[in-house]
Each structure stands twice: as C-alpha cells, then as structure tokens.
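K.L.:
Chain by chain, the residues:
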Amino acid sequence: MEALEKYLPELAERFYSQIPHHPNAFRVFSGGDAQIARLKQTLQAWAKALFCGVYDHAYAEERYQIGYRHVRVGLEQKYVISAMGIVRAFLSECLLLEFPASDVRLRYARAVSKMLDLDLNLMCESYMHASMQNLRALNEHLERANRDLAEASRSKDEFLAQVSHELRTPLNSILGFTKLILDGLTKTRDEERELLRDVFSSAQHLLGLVNDILDIGRIEAGRMAVRVEDVDPREVLDSTLPLITIPAHEKSLELCDETRNTELPLVRADEVRFRQILLNLLSNAVKFTPPAAPGEPAGRVSVRARVLPASDAPAAPDGHGFLRFEVVDTGVGIQEEKREAVFELFVQGSAGPRHGGSGLGLAISRRLVQIMGGAIGIENGDAGSGTTVWFTLPLAPNQAEQVAPFAHEKPAARVRK
Amino acid sequence: MTPAQSDSKTILIVEDHALVAKFYRMALERAGNFACVVTEDVPRILADVEAGRVHMAVLDVSLANAHWQGRLIDGVELAQLVKQAAAAAGRSLPILLSTAHAMSGDRENMLAASGADDYLEKPVFDAQLLVDKVRRLLANS
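Residue numbers (my numbering), protein chains in the order written: chain W, 50 to 466; chain F, 479 to 619.
Just so you know, the hints here were simulated from the structure itself, not pulled from any lab data.
There may be inaccurate statements among the hints.
When the alpha-carbon atoms are kept at most 20 Å apart in a straight line, the in silico DMTMM-like pairs for lysine to aspartate or glutamate are as follows [what the hints assert, rightly or not]:
1) W:K228 / F:E528
2) F:K487 / F:D552
3) W:K228 / F:E518
4) W:K228 / W:E243
5) W:K228 / F:E586
6) F:K561 / F:D596
7) F:K500 / F:D584
8) W:K205 / F:D494
9) W:K228 / F:E507
10) F:K500 / W:E174
11) W:K97 / W:E62
12) F:K611 / W:D232
13) F:K500 / F:D519
14) W:K336 / W:E375
15) W:K236 / F:E507
16) W:K127 / W:E174
17) W:K336 / F:E528
18) F:K561 / F:E586
19) F:K500 / W:D232
Taking CB as the label site, the calculated pair distances span [to be verified]:
20) F:L550 / W:R388: 52 to 58 Å
21) F:S619 / W:N429: 37 to 43 Å
22) F:G593 / W:R309: 27 to 33 Å
23) F:S619 / W:A424: 25 to 31 Å
24) W:T227 / F:P521: 56 to 62 Å
25) W:E240 / F:R613: 21 to 27 Å
26) W:A201 / F:E528: 37 to 43 Å
Positions of the beta carbon are idealized from the N, C-alpha and C atoms, including for glycine.
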C-alpha cells in the first residue's frame, strides 16, 4: 500500500477544503495555521493507518478519543460521516490511478473499504457515548439548578411570610387605636392623645420596616446603588452620634466617642450607607443596653476606631489597610451561638421583651459592608459582658502610611484626595 | 373598669407586642365590658385557668417571653397546656388564637395543632367584631 502514501498530502488538502461547508467544523477549526497544520497531520496519519492496514487496537483507541474530543467541541456526527465520504471517493480515484488492473484495484478497494467501515462504526460509537455522557452531565446540572431554584423560591416565600407578619403587627395598632377613637370607645382627650402617640410610633415603625424591606430587595436584586468615594469618618461620626443622644439619655446611658482625639484616615465608602450602618449599630447598642438599676453604674455605649495595616489585612483591596470601627455596649449581650444568626433576615439576638426594629438592620448592614469591601462581626463586650459589634472599611489609597495604628496624635500632614 | 357590670367574665390575653395587647384589652373592656388579664407568665396563666379566674383566652401564636420547663413556647403549645389545665380542673375554656401569620394553610394547621376553638387574623382592629367573637365562643362553651 506504500504506493498510496504519496496521495496523502492531497487527501489532507481536499479534506480540509470541505471544512468551510460544515458550520460547526468551520468554527472548531478556525484556530489559525498551527491548528490547520495539526489537523492535516492527523488526517494523514489516519489515512495512512487505513491504507497501510495498521489499524490496530492502540490506533482504534486514539480514534475513539478523537470522537470524544469532537463531541466536546460541538462537532456533529454528520461531520465524521461526510469526512468518510470524502476519503472513500478520494480513495477510488487514487486506486484508479495506481492500479489500472481491475482485479488488484478491487482487492485493495475491498480491504480499505473494510477499514473505513470499521473506523466509521468506531467513530459513531464514540460520538454516541460522548453525547450520552454530555447529556448525563447536562441532566445533573439541570437537576442541581432546579434544586437551587426551588430553594430560592422557598426562601422567597419564607421572606414574604415574614414580611407580611412584620407589617401586620404595627398595622394592628394603627388601625385598632384609630378605630377605638372613631367608635367613641375612648374616655378622655388625654387618653385619645396617648393612643394617637401609639399610632404615630407604630406608623414610624412601619415606615422603617418598609425602608428596610426596600433596601433588602435592592441588595438581593443587586441593584443597591453604592457610590464609593473617599469619606472622612470624623464627619460621619460627628453627624451620626447626635441622632442617638436622646434615646441614650432617656435610658441614662453614657455615650462615649473614644475616637474624639484621634486623627482618623479617609476610608473608601458610600457616605450615606456608612452612616446607615453606624446608626444601625449604635441604635442596637442603645436598644439592648438596659438603664442601670439604682446604685449601679450607668450603662455605656462607646465607639472606637483603629487602623488595621495592610500587613494585618491581606484581603485588603489594592493592598491598603482597613479602618476598624467598634460599637461597644454594656448591654444584655448575645449568646455565642446566635452571633451568626443575627445577621440573617428577621432574627433578633436576645430572648426577652421585644425590642422593636425589624430584625433586618444587621442583615442590611452586613450586605452593605460587604458591598463596600469590608467585613462585620460580633464579639464579647469589655469584661466579657455586653456586646462589641465591629465593621471594617477599606482605607483610601495613601492613607495607611499617614496614620499609625492606635495613633492619638495628629500627623503633620494629611493627604486628602 | 369593674368586671361585674354586664359581663362578669374575665379574658386572658397573651400577646408579646405591648401595643397589640393594649388594643385587645381596651377593645374587650370598652366594647364588651369584660375584665382582662394580660400576661405571658405561663405558670401564672395555668394557675388562673385551674382556679377558674379566667373564662376564655386570646392567645397570640408568636410569643417572645412565654417560658415553660426551661424553654420558650409559642401560642400553639400554650393553647394545648391551657386546654389540659382547664380539662384537669373540670372546666371548659374557649381559646381564640390570634396571629399575623396569614399565609394560606396556616389557619387550619394552627387550629388543628393547638386545639383552639377559633382563629383571629391580624390586623384585628374592630373592637365590636372581637367582642362578638369572644361572646359567641363563651356562649358555646
């Protein structure tokens, strides 16, 4: 059969010229000259194996693998069938040229034809197996996706049920008390005013709830617009702390800004969201710290901040460090095993009297902090009692060098962007 | 408000939201002349039931402070305890279960699990409707 070897390059050319007529093959073999050269080589090796009758077990195995590869890259079975057709036709031409004597030609033609049939069977089988494997994998993938969807749908339903539950409670007070007044079931002006105050506070609670639910909805849909810029934490602290002085004083709590004499570096954050997180943590601290019993020291809520240098915070974006804020209270504390759960939707940390709020604040805060590239967590308060809630925000570039950790003196220069 | 005016019945109210409890109490006192006991203290509740000091109960399903044998229980479980305590004392005590869990199927499930007699879906805001419901349950017991 050596006589046929000289036709192999031409066979490869002709074969290759057919590829543009197969949409998929055209896409698969559009990888440039190197890929085309490789393809032609493979074709020649294959044809040689057919012509010279060295189609042994090892070669069959190789062909089988090629079938798998074809399926993986998206070549259809009709590609290999039409390729075989080209080879068969070309072979007839070669045999006519090489062996004018019909009996010899016929013998060769039969031998090679047998090889071609064998190869075609093998390739088809390989295509079929590979396709089945693909289908199985696809099936598993779909099953998994289906399970995930069912799970997501279930948690959506649970969320909806919770939202409905949370909304109905303040509505009960709003509708109930106004109806009592309208029905003439109140006795004095003072009593009516008292009920109206309850209505007002329930309506405020409802508004907070609606805002929180909208926030959660936006975050979950990936539509929370966060505008990150260089923010001065001093300004955020100074504008947020006054918002909780009244509730803190009502419970005779000491409110302590331990950052007051510290120069704070700029952070990368959305100022509105930064303030929202800080206010949430501060109001939680005030809410969960009871007023002191007579003779006992007053409860206390403190804010601290310190720089985590980039060396301590390998996860810092761009290798800058973080500014870590801590809101420390002397309140009821939170059990170790509940410290993760309070970041979930509608979970409040302490058993006991209901503490108002939606149970969404920490969940929202965690998501906001994460969007801004920081982290949030809960630890014991000072002396093991109370709670410390901390969060980090990335430092603005060029800030890490300006302020030493725990710095209490103003550095000479401060870079502002 | 004295319980001895027209209806000398006392209603037990177990509800962890202070304002909702306040509404139930005012509605039952003003529109129905009932006396009310508002508490989440489970041993006290069971003692009142056994002694016949309360005649009917309005229980909220989600309770934050109802402890029993070292754990928190909800209104469904409390309803079972109340029914048992009443039965042990040879009394019948109707229970109205109230909840803001208004998803479909909740009503039937909770009624069946608790043994309560009727179900109240929040928001409940019409004092007269609440009183009518309570009177109907008391009349049937």
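K.L.:
Evaluate each hint against the coordinates.
P.N.:
Checked hints:
{"no.": "1", "hint": "W:K228 / F:E528", "result": "violated, 35 Å"}
{"no.": "2", "hint": "F:K487 / F:D552", "result": "violated, 25 Å"}
{"no.": "3", "hint": "W:K228 / F:E518", "result": "violated, 26 Å"}
{"no.": "4", "hint": "W:K228 / W:E243", "result": "holds, 14 Å"}
{"no.": "5", "hint": "W:K228 / F:E586", "result": "violated, 29 Å"}
{"no.": "6", "hint": "F:K561 / F:D596", "result": "holds, 13 Å"}
{"no.": "7", "hint": "F:K500 / F:D584", "result": "violated, 25 Å"}
{"no.": "8", "hint": "W:K205 / F:D494", "result": "violated, 26 Å"}
{"no.": "9", "hint": "W:K228 / F:E507", "result": "holds, 15 Å"}
{"no.": "10", "hint": "F:K500 / W:E174", "result": "violated, 78 Å"}
{"no.": "11", "hint": "W:K97 / W:E62", "result": "holds, 15 Å"}
{"no.": "12", "hint": "F:K611 / W:D232", "result": "holds, 18 Å"}
{"no.": "13", "hint": "F:K500 / F:D519", "result": "holds, 17 Å"}
{"no.": "14", "hint": "W:K336 / W:E375", "result": "holds, 16 Å"}
{"no.": "15", "hint": "W:K236 / F:E507", "result": "holds, 12 Å"}
{"no.": "16", "hint": "W:K127 / W:E174", "result": "holds, 13 Å"}
{"no.": "17", "hint": "W:K336 / F:E528", "result": "violated, 38 Å"}
{"no.": "18", "hint": "F:K561 / F:E586", "result": "holds, 18 Å"}
{"no.": "19", "hint": "F:K500 / W:D232", "result": "holds, 16 Å"}
{"no.": "20", "hint": "F:L550 / W:R388: 52 to 58 Å", "result": "violated, 19 Å"}
{"no.": "21", "hint": "F:S619 / W:N429: 37 to 43 Å", "result": "violated, 52 Å"}
{"no.": "22", "hint": "F:G593 / W:R309: 27 to 33 Å", "result": "violated, 59 Å"}
{"no.": "23", "hint": "F:S619 / W:A424: 25 to 31 Å", "result": "violated, 57 Å"}
{"no.": "24", "hint": "W:T227 / F:P521: 56 to 62 Å", "result": "violated, 36 Å"}
{"no.": "25", "hint": "W:E240 / F:R613: 21 to 27 Å", "result": "holds, 25 Å"}
{"no.": "26", "hint": "W:A201 / F:E528: 37 to 43 Å", "result": "violated, 48 Å"}
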